[in-house]
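Visitor: So you can see what is in the structure, the chains are spelled out below.
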Amino acid sequence: MKTRKRIFDSSVYAVLIILSAVFLSPVFVILMNSVKSNFYISDEPFSFPRGEKFVGFENFVKGFVQSDFLRAFINSAFITVLSVAGIVVLTAMAAWYIVRVKNRFTKILYYLFTFSMIVPFQMVMYTMTFLAFELDLNSVLGIVFIYLGFGSGLSVFMFSGFIKSIPTEIEEAAVIDGCDPIRTFFMIVFPILKPTAITVAILNAMWVWNDYLLPYLVLGSGENRTLPVAVQMALTGGYGNKDMGALMAMLVLAILPIIIFYLFCQKYIIRGVVAGAVKG
Amino acid sequence: MKKRILSILLALTVVTGVLAACNRTKPAPDGNSGTTVTEIRYLNFKPEIAEVYKRISEAYEKETGVRLIVETAASGTYESTLTARMATDEAPTIFQINGPIGYASWADYCADLSGTELYKHLTDKSLAITSGGRVYGIPYVVEGYGIIYNKAILSKYFSLPNRATPYNSVDEINSFAALKAVVEDMTARKSELGIDGVFASTSLKTGEDWRWQTHLMNIPVTLEFLDKKIDLTGDGYKNIEFTYSDNFKNIFDLYINNSTADKTKLGTIDVTASMAEFALGKCAMVQNGNWGASQILGVSGNKVAADDIGFLPIYMGTKGEENLGICIGTENFICINSKATDAQQKAAADFLWWLFGSETGKKYVSDELGYIAPFDTFSENETPDDPLAREVMRWMNMEGITNIPWNFTVFPSQNYKDSLGTALLRYAQGQMGWDEVKKHAVNEWKNEFGA
Amino acid sequence: MHKTLKKYFPVFVVPVLAAFLVSFLIPFVMGIYLSFTEFRTVDASEWVGIKNYISIFTQDKTFLNSLWLTVKFTVVSILSINIIAFSIALLLTRKLRGTDFFRTVFFMPNLIGGIVLGHIWSLIINGILGFFGVDITYDPSYGFWGLVVLMNWQMIGYMMIIYIAGLQNIPEHINEAAAIDGASPLRTLFSITIPMVMPSVTICTFLTLTNSFKLFDQNLALNGKSAETSLLALDIYKTFYDHTGLRLAEWHGIGQAKAVIFFLLVAVIAFVQLRATERKEIEQ
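Protein chains in written order, with numbering that gives the first Met the number 0: chain A, 0 to 279; chain B, 0 to 450; chain C, 0 to 283.
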């Protein structure tokens, strides 16, 4: 019985190791090609960067300089951090208000926010872009405001669900002690919301960082472009020169921050994503 | 506590953002030409020259104090970017249209340019886009495309003692029959010539197939229009029969059968890759235009000398083709937004005249943009010095030769070109018959125009 | 409490509400309206009634194709992703050492954005097909299956995590009881394990369903804009932005009408999901 279990376990390991290799290989292929010379990438993506094919970090230097990659990187980071911070704090406030002040208006608001979660982006793609330009929101700061609007559906929904489960006694005690609602929210309520806030932050961060169509339509492919837009522009179309080596380096640089972030905050990310899935 | 301050700050930022959006300042009202304009906007068509425009804008601001804001539309998205921007108060003051179709779309936004300095100095007034005696678009660059060849490799071929063709130099190739004979013989001897194929690979990746679905297609369409005496002002261009489809097939077959790449792998090849093959001496010919010079001479490891590049017309076996030249024309007509204030319109016209009329501007045009600009302000020695631009001018001035104009500006839409590109890819892969391609080209044309 | 808080409406709700109005609600209402018009730009529209909705099925030939393709893609994705993810989850709940490492690896692709993923897989798939002398465009089905592989690579880890959570919720003693009763492992799987994780199955099914149905970035990056491989979201995008020329206004109207239909389809899916989960909750 024991040996049978051992054989079974080792075959399970074998399967898992092979699967892991399959899962990791695409990232490995990109890493390998990022140190390969330009002409050997499309033609022989699976050959090792040996001899004349190896160019060291040349591609990374080119990728950074040529495509103004750093700029796109900074834009993406800036937009993601501000949007997520804004969404977490402001939608938590709105959700608290909506749950605690019960009237017909807040009820309608709640349903509107929930409803927005199911509407696909293509439905508002054209009109939203128009409005964004009309209101001068086509800037790095302006798009933060748009993300706040788009992210509010899921985030209000998730915060509301959690707030409903918190007893109101603590808040009422704070009010009796003379706290105004703003103080009450930030001193008492928001700390309680922390687990949901982390989930909301992670879900929104992944969405904003990776989003392509919205920033492409609103910010364009000029100096305000974000990382996914820069990658897409560099890899498709154009009469200009395309440097596959530099592009591979860009791909590596685009996924590196996410992987590092993931390795450090794995626990929160997995928990957050699952919580989001179960509730959404 | 820190967290709280941060959150309040954030809330404030967002609220001020809203307020700022509500309080946005409206542009100065029309007719208020007394105020000095400090900003004009230009929507650039070509991503590859975005860098140059950055420098032009800096130079212009330094000289005049007027800020030129250049936005560049990504490749293949000019019309949609323009559509998105036009309705906003960030509408470009200067934009461009691609010809009569573009004018039909944007007529409401095109200001009359007949009084501008730029128009007065246009060498060939017939090139401009006019309607009812007014001028709405001025061409600012003339370009040419054809078959770019590598003289060194061809001379090597012509010096082979055992070659199977009677020709002794490129100049003797003046018909499809001659071209085909030479190309096929070269393919047979490609190891002797040290090439992987005669033609660079036929890039048929989506977004990279414009050399075929637009440029090559221009020739049969133009010849058909000439036969039927269709001019672009009427409605005749809304239907084609593709009468020269067999000729298109001739040259397209020659390209794909004698290239460096397998016919089945063309769908992922981009233009850069095929230009690189030419630059590295892996092939002897590639169909492209004079804008490709930098992609040949600028590639690292380039093995082609500047003096070794020439243009050959795209022969496809039509009657009288020995008198036809390369395809020369423009799809770049500059327009000024009529919805901008008078002052802005004037500022835009001033900028254009500075760019094509002043010493500093002209230097950028011929040296950095590499434009063959059709204005009499440019003297002989102020033309770009890249070899392909010189070849275009050589063909323009060649006696007894008619160059083929650019009529692909009346092609119905991007969608038409894309779907034709897919059909050509399917044909190259052997999955679609030529009759089907022909039918597709004709029906989709009609369908897109809604005729 | 309510009364004091109520006065704070401008502080608590207005910022989010303003953003919500601008980026969602107003564009949504405008979108519905514009689907009954032809428009060059939003402020230049002409009422045409339901003409656009008719044109989708008469004039435009791409919509039904991409709808069918999307349905096929969604079904294949749901089956493959869930079966593989569930199997991996079974392996990883066997209390072996190193489980955490494998979990980390399998989940990782989920964090990479669609555009980047698409280009990574484009290189790999074309590299593999290159050995056979063809590329991904050679046959639309290559593009289709390529997208399925990509989607599996991205989503399996995610679904696996949800299944693991579901499996860990099964009380230990039930499995033990089954083992004592002499139930075969296969029997245990079908009679005990799967029924016990049904809530996870529902969640995962709907997650893969909506994600596949609305897929855009991966489709654009891997397959380009070819009509033969465009799913619904990409088809709508192309209708809006690639039919430039004389009939721009018409195509904008058709594009917006397609978007409304797309929205209705997604809404129906969401509604069914809601009912399904509600029923599950009542049963439990």
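Since the hints were derived computationally from the structure, they do not count as laboratory data. Among the hints, a few may not be true.
[Unchecked claim] Once the Cα atoms are required to be at most 25 Å apart in a straight line, the calculated DMTMM-like pairs of lysine to aspartate or glutamate come out as: (1) Lys318/B x Glu223/B; (2) Lys445/B x Glu249/C; (3) Lys302/B x Glu133/A.
Visitor: Run the structure past the numbered hints and jot down the numbers of the failing ones, going up.
Guide: 3
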